[in-house]
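Quick mapping for you: the protein sequence lines, in order, are chains A and B. With the first sequence counted from 1, adding 669 to any position gets you our numbering. With the second sequence counted from 1, adding 1 to any position gets you our numbering.
What the hints contain is simulated information worked out from the structure, not anything from laboratory work. Please note that the accuracy of each hint is not assured.
Okay, derived cross-link-like pairs now, DMTMM-like style, lysine to aspartate or glutamate, Cα gap no bigger than 25 Å in a straight line [to be verified]: (1) A:K816 / B:E105; (2) A:K841 / B:D70; (3) A:K822 / B:D65; (4) B:K560 / A:E724; (5) B:K68 / A:D772; (6) A:K822 / B:E109; (7) A:K816 / B:D66; (8) A:K742 / B:D65; (9) B:K347 / A:D703; (10) A:K841 / A:D772; (11) A:K841 / B:E571; (12) A:K816 / B:D70; (13) A:K726 / B:E536; (14) A:K742 / B:E49; (15) B:K568 / A:E825; (16) B:K568 / A:D708; (17) A:K769 / B:E78; (18) A:K700 / B:D65.
Sample of chain B residues lacking proximity to chain A, with all beta carbon distances greater than 12 Å (derived) [unchecked claim]: (19) E87; (20) S388; (21) N391; (22) R444; (23) V460; (24) L482; (25) G494; (26) Q505; (27) D517; (28) S547; (29) A550; (30) Q561; (31) R575; (32) V576; (33) Q622.
Note that beta-carbon positions come from the ideal geometry of N, C-alpha and C, so glycine has one too.
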Amino acid sequence: MDSFHRILVAVALGALSCAALAQSVSSEQVKGLDEQVQDIKKDVLAISSELQLLEEKLLYPSNTQVSLFVSLKGAGKLRVDAVRLKLDGQDAEHHIYTFKELDALQAGGVQRIHTGNVRTGEHSLEVTVIGKTGDTDFQQVATYKFKKAVEPKLLEIVLDRSESAGKFIQFKE
Amino acid sequence: MIRRYLFLIGLVSISPLAFSAPPAEKARAKDLYLGEAYYQAAQGNYLEAISRLDSELWQYYRLDDPKLDPLHYRVNEANFSVGDFELSYRMHQRAGRAMKAVLEGNVEDPIRNEAAWRLARIFMDQGDATSALAAIERIKGRIPDKIKNEERLLRGQIYVHVGRFPEAIKIFRELKSEKGFEGYSSYNLGIALIQSGQEPAGLSELAKAGLLASDDEATQAISDKANVLLGNHLLSIGKPAEAKQYLDRVRVSGPFSNKALLSSGWADAAEGKFDRALVPWSILIKRNSTDKAVQESLLGAPYAYSKLKLHGRAAQLYAVALKSFGTELTRIEASIKSVRDGKFLKALVRDESKLDPSWVVRLRELPETPETYYLTELMASNDFQESLQNYFDLEGLRRKLAASADSLRAFGELIELRGRYYDDTLPPLDKRFQALDSQMRLRMEQRQTLHERLQKLLVAPRPDFLQTADERMLREQLAQLSEKVRNDNSAAGEDVRQRIKRLQGVLHWNIHTTYDERLTQAYKHLHALDDDVQELNGIYRSFVRSRQAAAQSYKGYDKQLTLLGRKVNEARDRVSTLMARQGSILEAMVIQELEQRRARLEEYQVQARFALAESYDRANQSQEGEAK
Numbered sequence: 670m671d672s673f674h675r676i677l678v679a680v681a682l683g684a685l686s687c688a689a690l691a692q693s694v695s696s697e698q699v700k701g702l703d704e705q706v707q708d709i710k711k712d713v714l715a716i717s718s719e720l721q722l723l724e725e726k727l728l729y730p731s732n733t734q735v736s737l738f739v740s741l742k743g744a745g746k747l748r749v750d751a752v753r754l755k756l757d758g759q760d761a762e763h764h765i766y767t768f769k770e771l772d773a774l775q776a777g778g779v780q781r782i783h784t785g786n787v788r789t790g791e792h793s794l795e796v797t798v799i800g801k802t803g804d805t806d807f808q809q810v811a812t813y814k815f816k817k818a819v820e821p822k823l824l825e826i827v828l829d830r831s832e833s834a835g836k837f838i839q840f841k842e
Numbered sequence: 002m003i004r005r006y007l008f009l010i011g012l013v014s015i016s017p018l019a020f021s022a023p024p025a026e027k028a029r030a031k032d033l034y035l036g037e038a039y040y041q042a043a044q045g046n047y048l049e050a051i052s053r054l055d056s057e058l059w060q061y062y063r064l065d066d067p068k069l070d071p072l073h074y075r076v077n078e079a080n081f082s083v084g085d086f087e088l089s090y091r092m093h094q095r096a097g098r099a100m101k102a103v104l105e106g107n108v109e110d111p112i113r114n115e116a117a118w119r120l121a122r123i124f125m126d127q128g129d130a131t132s133a134l135a136a137i138e139r140i141k142g143r144i145p146d147k148i149k150n151e152e153r154l155l156r157g158q159i160y161v162h163v164g165r166f167p168e169a170i171k172i173f174r175e176l177k178s179e180k181g182f183e184g185y186s187s188y189n190l191g192i193a194l195i196q197s198g199q200e201p202a203g204l205s206e207l208a209k210a211g212l213l214a215s216d217d218e219a220t221q222a223i224s225d226k227a228n229v230l231l232g233n234h235l236l237s238i239g240k241p242a243e244a245k246q247y248l249d250r251v252r253v254s255g256p257f258s259n260k261a262l263l264s265s266g267w268a269d270a271a272e273g274k275f276d277r278a279l280v281p282w283s284i285l286i287k288r289n290s291t292d293k294a295v296q297e298s299l300l301g302a303p304y305a306y307s308k309l310k311l312h313g314r315a316a317q318l319y320a321v322a323l324k325s326f327g328t329e330l331t332r333i334e335a336s337i338k339s340v341r342d343g344k345f346l347k348a349l350v351r352d353e354s355k356l357d358p359s360w361v362v363r364l365r366e367l368p369e370t371p372e373t374y375y376l377t378e379l380m381a382s383n384d385f386q387e388s389l390q391n392y393f394d395l396e397g398l399r400r401k402l403a404a405s406a407d408s409l410r411a412f413g414e415l416i417e418l419r420g421r422y423y424d425d426t427l428p429p430l431d432k433r434f435q436a437l438d439s440q441m442r443l444r445m446e447q448r449q450t451l452h453e454r455l456q457k458l459l460v461a462p463r464p465d466f467l468q469t470a471d472e473r474m475l476r477e478q479l480a481q482l483s484e485k486v487r488n489d490n491s492a493a494g495e496d497v498r499q500r501i502k503r504l505q506g507v508l509h510w511n512i513h514t515t516y517d518e519r520l521t522q523a524y525k526h527l528h529a530l531d532d533d534v535q536e537l538n539g540i541y542r543s544f545v546r547s548r549q550a551a552a553q554s555y556k557g558y559d560k561q562l563t564l565l566g567r568k569v570n571e572a573r574d575r576v577s578t579l580m581a582r583q584g585s586i587l588e589a590m591v592i593q594e595l596e597q598r599r600a601r602l603e604e605y606q607v608q609a610r611f612a613l614a615e616s617y618d619r620a621n622q623s624q625e626g627e628a629k
């Protein structure tokens, strides 16, 4: 093997370690900074929680607060594209789902679709679900009456996709 | 020697990048708040997930009777989840909640074990094998099926790093029979054997890994990697003929093909078979000119021609190499300038660039961004990935804090508006309410007096108490008439007195004989009054609540808003400083990598110039020789 060849082979083998060398130069810096990033995350989380509580207290006090949640149940061909809500006949929410959101719902997550304020007493909720079953368009509407008392009202809209389910849109208090 | 080399190559894990950890596993709870946190976490919005769950837990722990809260039944899970999400959000500080969740989480074994496995993987990716060992040894009881083999593979790798070779070898041997793990386990077994001093056995195992036949792309890549590793090792110890057989097994189109083609050429060259060396190098020189192996082959091919005494062809190819190196150097220069001008960092935080899985490489398509093909190796390194993820997280924090500052400003305005409205509205309302309140109290006292009287009438009947207003007036009229005729001694007067007495008798009779009925009626009326009182009390309480809510909607926030505003501003400053530092580190890494590539190319350029001159000379000499 002549000298030119040796240089090239040495470069070839050495090149494999180039990235590792580059990293080792700043590894300590990277770790040190990572600790600080974790610290600031902790602080921002604390701020965010405090702000959230403040927001709830200011904008949605418990005596008027109503929160509506959406969850998926069962497995079926139905794909939910959008959900529209009307509270006491007024448009309250129109949500179009992304793939990520649908995956999160399918994995058992629960979406807080609407938080608002209503007076104590009887109210009506109209839910419209738009989607597709295979290639066919799908739309179903359901209404529900609920009573708001002085405590926050939490209402779950369960979309049951199982074949055996009598009703696709169900409500759970 | 091979041991040191192997450490550079590293063990092979299924997920080489530190932060490709899956999001929180399938939601386990149907509590709405917990479900909401899972919904956010499943989309990778860990900041949102943690902060929401934190708020709920904060409220839960301040309840007078937490047992009545729906979260009560899931509180252990909620506490674990906060830690689990922090782990996914790369908050794995030793004293943090993520560690606590893994170590003390009061949840089912599979859930805790999965978190411990992820924690161990994070430590391994950071090169902290001791902490990784501590985390993985926390795994006890049932492990979720989906990570069972990955857990064993990781455990084996950790054992190799901490020098527990026999245990690692045992794990890798057992794992070899698992579908989809044949390649990883064979390769890692080979490395473990070599590391433990059993070099021949290790090399033999690597050779077996190189022979694995599979349709699985990952297994094929491992197989290629083993062959390249073995080939290069044999080449470095002067066994090019043996090296060649391993290098030629590598697929021509796989991720290791360029390295294999280059080494294959060198194996031929080492044996003096330059004509054969030209076969792989001629393929290689047509490939992407940013690749290290391709750039080296641009020198290798003319070198082979010169050895074959084809100096004219060699000179042509050296000229091509020089041109290519010049183009690449210009590109690297432009890339370095682009990074120094901050274009790289700006491109990184663009939302649309992350829609594509290969977005980092596709950054090159954005205007004035660096040539990312030069950065693929660097980008796959853990330090770079960690820094990159931190930079994204900091950008997320920056946006969150900017939104928080906006919210605080909006809250301030809202409170001020409410204050202005209520300061005008509430005083007259309060005055009116005070008057009504006094009236109510009076009426309530009257009602109480009536109630007490009725109670007494049950024990000591007093029919006169139950006479009606008409009866009372009639009685008074009769008394007045009686008084008028008291001194009238005429017959008419006597007649009137008799009639008055008769009427008084009738009245007395009516009142006394209907006493029970009247008492019952009185009770019924009192009950009817109670219904009205109850309704009135409801309205009263509702008013008091609304009045309190009105006061609470704008009073007592000044201190909290000021404090929170200060915290947000401080955090924004810190995030901004950290972003600048993190950005500088990323830029420094990229520039360092690009400068190394530039230095290498410059070296190639010098060699190519000398070789080109030499080839021309030799070509001329041979022409002259032929002429003579």
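Problem - Violations among the numbered hints - result: 1, 5, 6, 8, 11, 13, 15, 18, 19, 20, 21, 28, 29, 30, 31 and 32
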